[in-house]
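So the protein sequences, as listed, match chains G and H.
For the first sequence, my numbering assigns the number 1 to the initial residue and increments by one for each residue that follows.
For the second sequence, my numbering assigns the number 1 to the initial residue and increments by one for each residue that follows.
Just so you know, these hints were derived from the structure itself, not from any lab.
Backbone N, C-alpha and C fix where the C-beta goes; we use that ideal spot for every residue, glycine too.
Be aware that a few hints might be false.
Some, not all, of what chain G presents toward chain H, calculated at C-beta under 10 Å [claimed, not checked]:
1) Trp219
2) Ser222
3) Thr288
Each computed BS3-like pair below joins lysine-lysine, with the alpha-carbon atoms no more than 30 Å apart [unchecked claim]:
4) H:Lys70 <-> H:Lys6
5) H:Lys17 <-> G:Lys151
6) H:Lys302 <-> H:Lys242
7) H:Lys112 <-> G:Lys283
8) H:Lys112 <-> H:Lys74
9) H:Lys17 <-> H:Lys215
10) H:Lys17 <-> G:Lys153
11) H:Lys327 <-> H:Lys302
12) H:Lys242 <-> H:Lys206
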Amino acid sequence: MVKGSKKTGSGAGRFAAVILLLSALLLLALVLNLAIGSVRLSPAEIASLLKNGKDASTESIIIFNVRMPRMLLAAILGGALAVSGFLLQSFFRNPIAGPFVLGISSGAKMIVGITMIFLAGSVAMSPAVMVAAAFFGSLMITAVVLLFSQKVKNMELLLVVGIMVGYICSAVTDMAVTFASEQDIVNLKYWSMGTFSGKSWEHVVTALVICVPAALASWLLSKPMGAYALGEGYAKSMGVAVRPFRLALILLSSLLSACVTALAGPISFVGIAVPHITRTLLKSSRPTLVIPAAFLAGAVFCVFCDLIARTVFSPTELNIGTVTSIFGAPVVIWMMISRRRREA
Amino acid sequence: MTEFFKTSGLAVGYNGKTLIRDIDIALRKGGILTLIGPNGSGKSTILKTVARQLAAIRGSVMVDGSELFKMTPKELARKQAVVLTDRIRPELCTVREIVSLGRYPYTNAVGKMTTEDRRIVDDALELVSVTDLSERDFMTLSDGQKQRVVLARALAQRPELLILDEPTAFLDIKYKTELLSVLRRLSRERGVTVIMSLHEIDLAAKASDLLLCVKGETIAAFGAPDEVMRSVPVEELYDLDKGSYDPVLGSVELEKADGAPRVFVIAGAGFGIPVFRRLQRERAPFAAGIIFENDIDARAAKSLAAECVTAPAFEPITEELFERAKKLMLSCERAVDAGAPIGALNEANGRLIALAKERGMLEK
Chain G
1 MVKGSKKTGS GAGRFAAVIL LLSALLLLAL VLNLAIGSVR LSPAEIASLL KNGKDASTES
61 IIIFNVRMPR MLLAAILGGA LAVSGFLLQS FFRNPIAGPF VLGISSGAKM IVGITMIFLA
121 GSVAMSPAVM VAAAFFGSLM ITAVVLLFSQ KVKNMELLLV VGIMVGYICS AVTDMAVTFA
181 SEQDIVNLKY WSMGTFSGKS WEHVVTALVI CVPAALASWL LSKPMGAYAL GEGYAKSMGV
241 AVRPFRLALI LLSSLLSACV TALAGPISFV GIAVPHITRT LLKSSRPTLV IPAAFLAGAV
301 FCVFCDLIAR TVFSPTELNI GTVTSIFGAP VVIWMMISRR RREA
Chain H
1 MTEFFKTSGL AVGYNGKTLI RDIDIALRKG GILTLIGPNG SGKSTILKTV ARQLAAIRGS
61 VMVDGSELFK MTPKELARKQ AVVLTDRIRP ELCTVREIVS LGRYPYTNAV GKMTTEDRRI
121 VDDALELVSV TDLSERDFMT LSDGQKQRVV LARALAQRPE LLILDEPTAF LDIKYKTELL
181 SVLRRLSRER GVTVIMSLHE IDLAAKASDL LLCVKGETIA AFGAPDEVMR SVPVEELYDL
241 DKGSYDPVLG SVELEKADGA PRVFVIAGAG FGIPVFRRLQ RERAPFAAGI IFENDIDARA
301 AKSLAAECVT APAFEPITEE LFERAKKLML SCERAVDAGA PIGALNEANG RLIALAKERG
361 MLEK
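Let the sequences and hints guide you as you build the complete structure.
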């Protein structure tokens, strides 16, 4: 070995470095998000606004009621998406799995859409109700994908199935929209394109209460996830209770991605691209390290993407999915090509 | 003899359909049991059942006095480890990380490794000589190296019972013999009991204390290797009709050439074997003589030659045998002197060579 001197130190050292780098980036992204927009604020102004607390000034309202909830939501949901993707990748033992490409996000969108149209009159569309509807939709489509995965062992083929299922869900959503009232369509259109704009503290609290415990629970599954990477047979032989473990992976992953879809609409490619970047940075796929790092990286990614979405063509805002696709999809292509090359 | 591993009336199969029934095996602690039998005979099915990857259809399996199917997953994982035929493809995983997974049933809820765990991992790496590879990415290893790492992972689990499904499948001869030596050492020095399946019948007979022949719906034979080999000839076990197997030499021979012998080989003391093989490759039927019964050439000729003149060991070759060999040689188109030494007991071979030379049929 050329550089095998620090055997245990190198992995832990690298992890610390990656976490430090991501934290610095997140801090930078957060500051930029507070500063940039239709009203520009200098770091000094932001500091004094934060110190003085909420008051009635326009600047204070922009910081506390507009920019802060929006960026915190982007950070939490970005992290949630990354972890959700990583859980699915562990489940399928394939890095190309993700909530969006497998049609799970579209399933969530479909049920939320139907709920918005047909139940809006009788049920108040609070963030919690939206999450519940999305969770139901996610689980439904996950069940469909799992049913197919028993027949289709090839991951690429399963992706095609996922994408097709996604199209079917979108078609059903469109059909529902046809029968919706004018008022509902406006809400639905706005939401279904994916955006962090116009989010309140209620959204942030809902996201926080669901995603942080779910991400922590995911981290606690790190040990069996590591063993499961060797396959079901080996995992079983090491004492992993495979069925409950797989169920936990699916429930957590669905809950995380449902929360994102409900609160911000469908956001593409984060679930695949961010875990991949994280693994590459860490040079490891150990879940204990990847899950916290991927959460942070997902937060950084989404906060930056949201900054771009709302500033580049200001005052016109882009959909968040547009920006994440532009940055995320090439990463996925690069990953698939480099994997092919490695296997050849 | 206390039995560490015992099955009684075990029936195995898939989806409730019995594939093999009445499996009664007993194995002492530290013993090595090898399952042999043709592809698709159900070796893997038995191993998977014994490893509890597959439910038994009937019967019981006792490991160290406890019922296998009643152990908790953790108890089981501390008792036995497996090497499966599944190819593993972990992403970005070092060899050490893979082997460390073997400590799974011993570490805490988040998998924290103690100094003792690390020592056991080092020991496992050392045992299969992959210490040098410990920081390498698993996916960059050769098949042989991967297989050894997979074994090291099983060893890190510190099992009392090790179950291996075709562990030598991707290994070259060096690693095959090394792997089997490691298993023998584990069984001798650490009392690890081993149950495995092998395709190499020759190695199976040499490395195992017990052999189990799997063929058909029941066990064809179970016992010490020499007994089993006597009771179920390999040719029969594997439906071998295009070749043969010599249980004493442990050598496999390809199909012999049919027809009346065209070449006569004057052989002995192992000099005949390369000539036999050459002729067999050329598909020229041949006869051999005069070989002493205890000669290695005699064993090879038995599976390769169309006809062979053999003489009782340690006695001079009689005139009668010489005449028989002479007649046989003269019926051939040509004769070959394999170059065996000629001494007082087999001077008759010298006369055969002289005769062949005289008739102009001797080929050097």
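To see whether the hints hold, each was checked on the structure:
1. Below 10 Å, beta-carbon pairs count as interface contacts, and G:Trp219 has one with chain H at about 8 Å; its hint therefore holds.
2. Of the supplied interface hints, the one on G:Ser222 holds, with its beta-carbon coming within about 6 Å of a beta-carbon of chain H, less than 10 Å.
3. Hint on G:Thr288 holds. Least Cβ distance to chain H is approximately 7 Å, under the 10 Å limit.
4. At roughly 15 Å between alpha-carbon atoms, H:Lys70 and H:Lys6 fall within 30 Å of each other, so this suggested pair holds.
5. Our distance criterion of 30 Å between C-alpha atoms is met by H:Lys17 and G:Lys151, whose separation comes to about 21 Å.
6. Our distance criterion of 30 Å between C-alpha atoms is met by H:Lys302 and H:Lys242, whose separation comes to about 15 Å.
7. With a C-alpha separation of about 20 Å, the suggested pair H:Lys112 and G:Lys283 falls inside the 30 Å cut-off, and the hint holds.
8. Restraint check: the Cα-Cα separation between H:Lys112 and H:Lys74 comes to about 16 Å, which is no more than 30 Å; the hinted pair holds.
9. Between H:Lys17 and H:Lys215 the CA atoms are separated by roughly 17 Å; this keeps the pair inside 30 Å, and the hint holds.
10. The straight-line distance between the Cα atoms of H:Lys17 and G:Lys153 is roughly 24 Å, inside the 30 Å bound, and the hint therefore holds.
11. Among the hinted pairs, H:Lys327 with H:Lys302 is consistent with the structure: their alpha-carbon atoms are about 19 Å apart, no more than 30 Å.
12. A C-alpha spacing of about 24 Å is found between H:Lys242 and H:Lys206, which places the hinted pair at or below 30 Å, so the restraint holds.
Comparing the model with each earlier hint shows no violations; every hint is respected.
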